[in-house]
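S.K.: One letter stands for each residue in the lines below.
There are 2 protein chains.
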Amino acid sequence: MPILVQKFGGTSVANAEKIHRAAKRAIEAHKNGYQVVVVASARGKQTDELIADAMEINPNPPKREMDMLLSTGEQQTVSLFAMACYAMGQKAISFTGSQISMLTDDTHTKARIQSIGTEKIRKKLDEGYIVVVAGFQGVDAEGNITTLGRGGSDTSAVALAAALGASFCEIYTDVDGIYTTDPRIYPKAVKMEQISYDEMLELASLGAGVMHSRSIEFGKKYNVTIHVRSSMNNNPGTLITHEVPKMEGILVSGATIQKELAKISLIGVDNKPGNAAKIFSHLAKARVSVNDIIQTEVSPEKANILFTVNKSDLDAARQAIEEIRESVHCQNVFVREDVAEVSIVGVGMRSHYGVADRMFQALADAKINIDSITTSEIRISCLVNVEDGDKALIAVCDAFQLDRPANQRK
Amino acid sequence: MPILVQKFGGTSVANAEKIHRAAKRAIEAHKNGYQVVVVASARGKQTDELIADAMEINPNPPKREMDMLLSTGEQQTVSLFAMACYAMGQKAISFTGSQISMLTDDTHTKARIQSIGTEKIRKKLDEGYIVVVAGFQGVDAEGNITTLGRGGSDTSAVALAAALGASFCEIYTDVDGIYTTDPRIYPKAVKMEQISYDEMLELASLGAGVMHSRSIEFGKKYNVTIHVRSSMNNNPGTLITHEVPKMEGILVSGATIQKELAKISLIGVDNKPGNAAKIFSHLAKARVSVNDIIQTEVSPEKANILFTVNKSDLDAARQAIEEIRESVHCQNVFVREDVAEVSIVGVGMRSHYGVADRMFQALADAKINIDSITTSEIRISCLVNVEDGDKALIAVCDAFQLDRPANQRK
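Taken in sequence, the protein lines are chains A and B.
Using our numbering, you'd call the opening residue of the first sequence number -8 and step up by one each time.
Using our numbering, you'd call the opening residue of the second sequence number -8 and step up by one each time.
Hints are computed from structural coordinates only; laboratory data are not their basis.
Fair warning: there could be bad hints in the mix.
Said to hold, decoys possible - With a straight-line Cα cutoff of 27 Å, these simulated BS3-like cross-link-like pairs (lysine-lysine) come out:
1) A/Lys9 x B/Lys212
2) B/Lys101 x B/Lys212
3) B/Lys382 x A/Lys54
4) A/Lys101 x A/Lys22
5) B/Lys54 x A/Lys54
6) B/Lys15 x A/Lys111
7) B/Lys382 x B/Lys401
8) A/Lys302 x A/Lys250
9) B/Lys212 x A/Lys54
10) B/Lys269 x A/Lys101
The structure presented is a predicted model; accordingly, all values stated were derived computationally and were not measured.
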């Protein structure tokens, strides 16, 4: 029998009624001939409540203990989920990450999965159980409980699908699927039927926020097709998969905007080998996560280095730069906090001319000034004034017809 | 360094402030030269809330899943407790029952401890940590989470003390210690300085309710002195220990009353070998827990068999008796639900005459009719009309001077 992994996010299991509804869905799949593995998140706002409990006791709690605390949220959901299955006459069994040997490294609160034991799960599936696994959590080699970071249940689910050789993983959530852009800013945005792993990775790293990046990496590596869909209806959602022929014609799949950014400009840095490495390794040591980097030569001796960071990392970044600027002879440091980054993502742009022009022209027509530009193989990003951000996103979406299904675009 | 086990009940860790206070106490003991192992229960009413969550989803939840659910309560407390220690500059580490190999049988919701791994705990104690262990929970040989039944954290604590060779286990609770009787009925009741394991076992089985019976059995078996005391002050509480010389003179240590009882009388049962066994094994199969049993011969051929059960078991008991009564030729079955049992407990009564008289005389003086009497080596119980119950308890307490410290009684 084929194995199907279904992941239910916190909003899909927020109360007894929703847990029953989710359990019903798992039971239907079981009746349709699948061996069903469910991965569940903590109920509703429970993780936030547990974090608040911890903060009240210790504003700087040790990470190992944080993992011990937060992992209880998912453990509660999976036991309640199994009970709901029994209430409908279907046997089910719940497991913690530790119980199924979801082995991770020991980086508490941000652990990475190393291996998954499947023997126990397969045995229970073969005995006719629905197996309900606590998402988000694992165990290190010493038996300490670890967690995978916020949104980590997606990764648990796709990694389990990969380990079990399942070719499908359903991610049930409170949205219909992945949209071409944020519908709160561009109400004409449409749901994508499918998107490639690479594009989804770019969208996720640009803050599109629907999926945990690691889960998409697992999907790509192990050929697991991920179906992001609503837990409230039976509509098809969005398939995240390898590129397929019919996607060839699509130039741009989606667009994003990031507003919580700051741009740091290091002016007049000595233009000699190793200086960029020195700067960015120092930032990494300070645990600053750097987004885009632009370096330009201003003279044979001097270069300007620009990069963006999330605003939450700005203080740490400033301090790290102050510590290092002397040693790279940086003449000036400028920080802009009033920027937004508008990006388009699409596998199509790899092999097509004219995509960049079209974006720049759209912004020019909307009278929006571009501060700086960066590109990757499947992405073009423009930094603009934050007050122009929404207008810029709308202009770009209109230019690439992101209000239409992919096959109706010109 | 000597090891001290401190157990904090749900009311002693109900909120952040109380967790801090409990952690402070553990840190003090650590500074006083002890290696400290803390055992903690779920916070406040949390276990009740989780049970309510389960009942909403499935009124008859599978016990394995119940254990999976309820064990999260203690796991949350221990991680928060460790965080509180860190907030005061003391390193601490929390463990689930599973992580320290608190091995039990697989009787979910009422599991019995089989063995405890101490290596991990000793290692962390030697490294200077306070070790915080989740009470109430264990793990079976298959890795399933089990729980020890309500109040099981006491047993976790005393069993850990035994396994670690600690001679002391402190039980912190919301009362000052063990009282000679229930102060709600007999306000002059006084706190006992000490009580023997056997007496405490009788009191616990008579519903005195302060301690889980299994924990006292462990204490007795492994020579762990149990100190029941308040988490709100530093007053000495009650020591539960082996009999010590100065206790010799005490005839009666405490008195109890049980009101949630029913008495079942089987009249005219065939008086032949095996009939009593037949009746009580049938009741056991129906999971009816029988308290006292009295059998009296009424003729060479016939006997009456009387026994008491908790009211919660009455329906099951009635049904079991209906099934069996034909086969033992029982002529009549009477049930009384309007009874209460007043008991006195004391090691002293073993070797002293006059204790029983004094009890019966006290009841007679108070004009209370005795329905039936049972005795054990350290206990005398009288069944009375439930409306006379409180008056009977007060009369007995006065007769044995349970309003005075033990050494001031005559």
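S.K.: Identify every previously stated hint that the structure contradicts and give their numbers, smallest first.
M.R.: 1, 3, 4, 5, 6, 9 and 10
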